[in-house]
Amino acid sequence: AQSVAQPEDQVNVAEGNPLTVKCTYSVSGNPYLFWYVQYPNRGLQFLLKYITGDNLVKGSYGFEAEFNKSQTSFHLKKPSALVSDSALYFCAVRARRDDKIIFGKGTRLHILP
Amino acid sequence: DSGVTQTPKHLITATGQRVTLRCSPRSGDLSVYWYQQSLDQGLQFLIQYYNGEERAKGNILERFSAQQFPDLHSELNLSSLELGDSALYFCASSVWEGALNEQFFGPGTRLTVL
Numbered sequence: 327a328q329s330v331a332q333p334e335d336q337v338n339v340a341e342g343n344p345l346t347v348k349c350t351y352s353v354s355g356n357p358y359l360f361w362y363v364q365y366p367n368r369g370l371q372f373l374l375k376y377i378t379g380d381n382l383v384k385g386s387y388g389f390e391a392e393f394n395k396s397q398t399s400f401h402l403k404k405p406s407a408l409v410s411d412s413a414l415y416f417c418a419v420r421a422r423r424d425d426k427i428i429f430g431k432g433t434r435l436h437i438l439p
Numbered sequence: 063d064s065g066v067t068q069t070p071k072h073l074i075t076a077t078g079q080r081v082t083l084r085c086s087p088r089s090g091d092l093s094v095y096w097y098q099q100s101l102d103q104g105l106q107f108l109i110q111y112y113n114g115e116e117r118a119k120g121n122i123l124e125r126f127s128a129q130q131f132p133d134l135h136s137e138l139n140l141s142s143l144e145l146g147d148s149a150l151y152f153c154a155s156s157v158w159e160g161a162l163n164e165q166f167f168g169p170g171t172r173l174t175v176l
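These protein sequence lines map, in sequence, to chains R and Y.
Residue 370 in this note's numbering sits at position 44 of the first sequence, and the numbers go up by one each step.
Residue 135 in this note's numbering sits at position 73 of the second sequence, and the numbers go up by one each step.
Next comes chain R alone, as it looks inside the complex:
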């Protein structure tokens, strides 16, 4: 069965510093991987996805994620954090032969001014 883990409930980063939000997955075969962000009292917004090809995927708002097949990880990164990046971030995985999408429990990102 496919699964996704976000090992950190919360990540605190000072504004201007690089940030990383971790995600690992388990799926049979090659995965489709996604990152979504949820701001307070809003629905989720799509940030980026990995389907195939280049392991470094660039997305919205300056975010990027690196697919690492050997470590089964898909960590979200940004070179310089903004206070406005503070939100709840979800990693999601979908097996290629299965339409179900599984979301991680989310990581709350706090960017400190």
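Hints in this document: simulated from the structure, not taken from any laboratory.
For every residue, glycine included, the Cβ atom is placed at its ideal position computed from N, Cα and C.
Keep in mind that the hints are not guaranteed to be accurate.
Stated by the list, open to error - Here are the computed lysine-lysine pairs in the DSS-like style, where the Cα-Cα straight-line distance is at most 30 Å:
1) Lys-375/R - Lys-431/R
2) Lys-426/R - Lys-348/R
3) Lys-71/Y - Lys-426/R
4) Lys-384/R - Lys-348/R
5) Lys-119/Y - Lys-426/R
6) Lys-71/Y - Lys-395/R
7) Lys-384/R - Lys-395/R
8) Lys-375/R - Lys-119/Y
9) Lys-395/R - Lys-431/R
10) Lys-403/R - Lys-348/R
11) Lys-426/R - Lys-384/R
12) Lys-119/Y - Lys-431/R
13) Lys-431/R - Lys-348/R
14) Lys-375/R - Lys-348/R
15) Lys-431/R - Lys-384/R
16) Lys-403/R - Lys-384/R
17) Lys-431/R - Lys-71/Y
18) Lys-395/R - Lys-119/Y
19) Lys-119/Y - Lys-348/R
20) Lys-375/R - Lys-426/R
21) Lys-403/R - Lys-426/R
22) Lys-375/R - Lys-395/R
23) Lys-375/R - Lys-403/R
24) Lys-431/R - Lys-403/R
Stated by the list, open to error - Here chain R is said to cover these stretches of chain Y; the calculated rule only asks that three of the stretch's residues, wherever they fall, bring their Cβ under 8 Å from a Cβ of chain R:
25) 98-107
26) 163-176
The hints should help you fit chain Y onto chain R, whose structure is shown.
Below, chain Y without anything else, positioned relative to chain R:
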């Protein structure tokens, strides 16, 4: 604004009751997904419809049912409600049924069961 609308925004009801949540997908999107978000369970996929037909099923209880109508809007019916059903229910839509497509989420319906 994602283009996905959900009504109502808030719903307060009592245990044992039945409610219907409504979702209108983005114009042109054929797939609709329903999710439940709670503090203890996180974001759980419930069910997906594509062009009126059920496409995938997740952790949806037998007390819950959904359908997608010819105009592509969808309804999620929750019956015999329990306190534990209190949660935020999201609808999302995408263009196709396949796994390549990102989903666009509505603002959610907050259900409170007293």
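Going through the hints against the structure:
no.: 1; hint: Lys-375/R - Lys-431/R; in the structure: holds (18 Å)
no.: 2; hint: Lys-426/R - Lys-348/R; in the structure: holds (22 Å)
no.: 3; hint: Lys-71/Y - Lys-426/R; in the structure: holds (26 Å)
no.: 4; hint: Lys-384/R - Lys-348/R; in the structure: holds (16 Å)
no.: 5; hint: Lys-119/Y - Lys-426/R; in the structure: holds (7 Å)
no.: 6; hint: Lys-71/Y - Lys-395/R; in the structure: violated (40 Å)
no.: 7; hint: Lys-384/R - Lys-395/R; in the structure: holds (17 Å)
no.: 8; hint: Lys-375/R - Lys-119/Y; in the structure: holds (22 Å)
no.: 9; hint: Lys-395/R - Lys-431/R; in the structure: holds (21 Å)
no.: 10; hint: Lys-403/R - Lys-348/R; in the structure: holds (9 Å)
no.: 11; hint: Lys-426/R - Lys-384/R; in the structure: holds (24 Å)
no.: 12; hint: Lys-119/Y - Lys-431/R; in the structure: holds (19 Å)
no.: 13; hint: Lys-431/R - Lys-348/R; in the structure: holds (12 Å)
no.: 14; hint: Lys-375/R - Lys-348/R; in the structure: holds (15 Å)
no.: 15; hint: Lys-431/R - Lys-384/R; in the structure: holds (23 Å)
no.: 16; hint: Lys-403/R - Lys-384/R; in the structure: holds (10 Å)
no.: 17; hint: Lys-431/R - Lys-71/Y; in the structure: holds (23 Å)
no.: 18; hint: Lys-395/R - Lys-119/Y; in the structure: holds (27 Å)
no.: 19; hint: Lys-119/Y - Lys-348/R; in the structure: holds (27 Å)
no.: 20; hint: Lys-375/R - Lys-426/R; in the structure: holds (16 Å)
no.: 21; hint: Lys-403/R - Lys-426/R; in the structure: holds (25 Å)
no.: 22; hint: Lys-375/R - Lys-395/R; in the structure: holds (15 Å)
no.: 23; hint: Lys-375/R - Lys-403/R; in the structure: holds (13 Å)
no.: 24; hint: Lys-431/R - Lys-403/R; in the structure: holds (18 Å)
no.: 25; hint: 98-107; in the structure: holds (count 4)
no.: 26; hint: 163-176; in the structure: holds (count 7)
The structure is inconsistent with hint 6 alone, although it conforms to all the rest.
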